[in-house]
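All chains should be built: construct the whole structure from the sequences, respecting the hints.
Chains A and B are the protein sequences, given in the same order. The numbering of the first sequence is my numbering, which starts it at 875 and goes up by one. The numbering of the second sequence is my numbering, which starts it at 3 and goes up by one.
Any given hint could be a false lead.
Interface residues of chain B toward chain A, partial, derived using beta-carbon atoms under 8 Å [stated by the list, open to error]:
| id | residue |
| --- | --- |
| 1 | K112 |
| 2 | E119 |
| 3 | S124 |
| 4 | A130 |
| 5 | E161 |
| 6 | A165 |
FYI, nobody ran anything at the bench for these hints, they're computed from the structure. Beta carbons are placed, not taken as given, at the ideal position from N, Cα and C, and that holds for glycine.
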Amino acid sequence: MASFNFGDRISGRSVIGDTLHEMGGEHDNLFILTADTGLALKTFRNDFPERFIDVGIAEQNMVGVAAGLALEGNIPFIMGMIPFMTMRACEQIRTAVCYQNLPVRLIGTGGGLTSGGGSTHNAMEDIALMKSLVNMTVISIGDPQMIRDILLASWDYPGPMFIRLAQGKADRVLYQPGSQQFTIGKSIVARDGGDVTLFSHGEMVFHSINAALELEKKGIHARVVDMFSIKPIDQEAIVKAAEETRGIVVVEDHLTYGGLASSIADVLADQGVCPKAFKRMGIPQIYAGFGSGDALHAKYGYDTPNIISAVEKMLG
Amino acid sequence: MADQNEVKRLEKLAYTMRKQLIQLCCAYPGPVHIGGDLSMTDVLIALFHHGMKVNPLDIQDPNRDRFLLSKGHGAVCMYIAMALRGFFDFDKILETYGQVDSAYGMHPCKVQLPGVECSSGSLGQGLAMAVGMAISARHRGEGHRVFCMMGDGETCEGEIWEAAQTASSYHLGNLVGLVDRNKQFMTSYDGDFINLEPYADKWIAFGWRVIEVDGHDMNALVDVIDALPDSGDDKPTLLLCHTVKGKGVSFMEKNVGWHAGSLCEEDSKCALNDIESEYARNEGVE
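Below, the structure written as structure tokens:
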């Protein structure tokens, strides 16, 4: 197994390409569909051309074709850019896939503001939309090595699943290979601490861990929880954070309302648990525009330095 | 030339089905999409009772032909065509239609009603699913066909044309699209606002083989269905069925007010009278 250090960048798409190729060799009912975005899937395309369906730039149709394949007992994996897959085809995902409860897997690249394509290509509403759909499971992956485990786990997982990648191009390694268990419905305590809890997913887990490392130097012990399973959500981890630490900070590359922060707030309200403090960090009500992910995260105040100051402010 | 005994059998089934549609439209207090049901009655009878290999005793038979009702608001028409074929019980449909927990609702639900191939109701989505099913069949070397029934109005949806393009690009000769071309939409006639013509040319331009047929002429329907290209063909086929919305009921025919509605006792008697006289007239001609 290759060895990576925290923060190393590897391509999430190539992990997908390798993993789906391997799974496709084992399962003759695994199909891949793309809307003209399948370059990372070359080996699958070469070896299983009859199971690689490129429908052209036609996301609604892509989701419908996937539903038809699933109705016949196949497991279709759709790969595409998040905004077009989840918004252009939102109703197809809801009606053709979720209503019929079909095992379609939607893999979206370019999470949050990482796409570089500007507001048309930014993915800031996808989690809000996808988690609202009945039967849908929602996963947001930070560490690209995790993609393989999630794809393997998705094989016999019931119903539809949306898998959001941090970027897809140059995702940051978070964990030593094999050091974590990824169970859908559970979270990962990336770093333990008793002063404050940082909940995040995707790209923001990297920033949260970085912030925790810096805070440690100042004597603040931050717990970092990777909430890669957004739906179903790890309620226990949320309640524990509220009870055991002095505040909750949720950091996500998504609108601050409607995503993970809202799910966490829902759990706290439903369980009747009141955190000592609660702070949302993410995309405000704005179309964020152009720039690299790192530059935009800094501009809108949810990168590593901003997390550090938010925690310091919260703990007073 | 179609076997005349077979044509007569199918015509009688279509006659029975029209009467059952009227019976349900009268019994159910809410609106029934009777106009579009009556326009595709003959086509669905020709498919479920003649053209398609289906087996009500084994709804999972991998060799069965698949039927997807893209125009989901025509659910009642499909339920009755299938009931007459032995899939469902008409009395149960009549008794429970549209009620809480009934499997028989305004739009078909695959989860609630096994035997139905897909859920529909949101227009324009059936053809893409049919494409997926046709790709799957071809990959597995299965020889059955996938039939997808569309309303002409719903082909205003872009997804239909995206799927049409995929079907021809992937050479899905096992896919048969049908359009219920009654030239009426929910609130207007074709041409009032949107003009669908030149309709056949559009499908041809998208790489389909188009066969036009009178959707109320059972002889013609049997002939074109019998002459469908082999499922191993390299081109999808569209059966462009020219129909009349509300067919068989004088006050409903081509009446935009009868996209959906419910019938009082008196009107249902008139409707049944129309259907009975037309059937008697046709039988007399033979």
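Taking the closest Cβ pair, is A130 (chain B) under 8 Å from chain A?
-> Because about 2 Å separates A130 (chain B) from the closest Cβ in chain A, which is inside the 8 Å limit, the hint holds.
Going by Cβ atoms only, is E119 (chain B) closer than 8 Å to chain A?
-> holds (7 Å)
Status of the hint placing K112 (chain B) at chain A (closest C-beta pair under 8 Å) | Check passed: Cβ of K112 (chain B) comes within 6 Å of chain A, closer than 8 Å.
Would you settle whether the hint for A165 (chain B) is holds or violated, based on the nearest Cβ-Cβ distance to chain A being less than 8 Å?
-> holds (5 Å)
Do the numbers back the hint for E161 (chain B), that is, is its least Cβ distance to chain A under 8 Å?
-> Constraint on E161 (chain B) satisfied, holds at 4 Å.
Any CB of chain A closer than 8 Å to the CB of S124 (chain B)?
-> Constraint on S124 (chain B) satisfied, holds at 5 Å.
Hint check: no violations occur; every hint is consistent with the structure.
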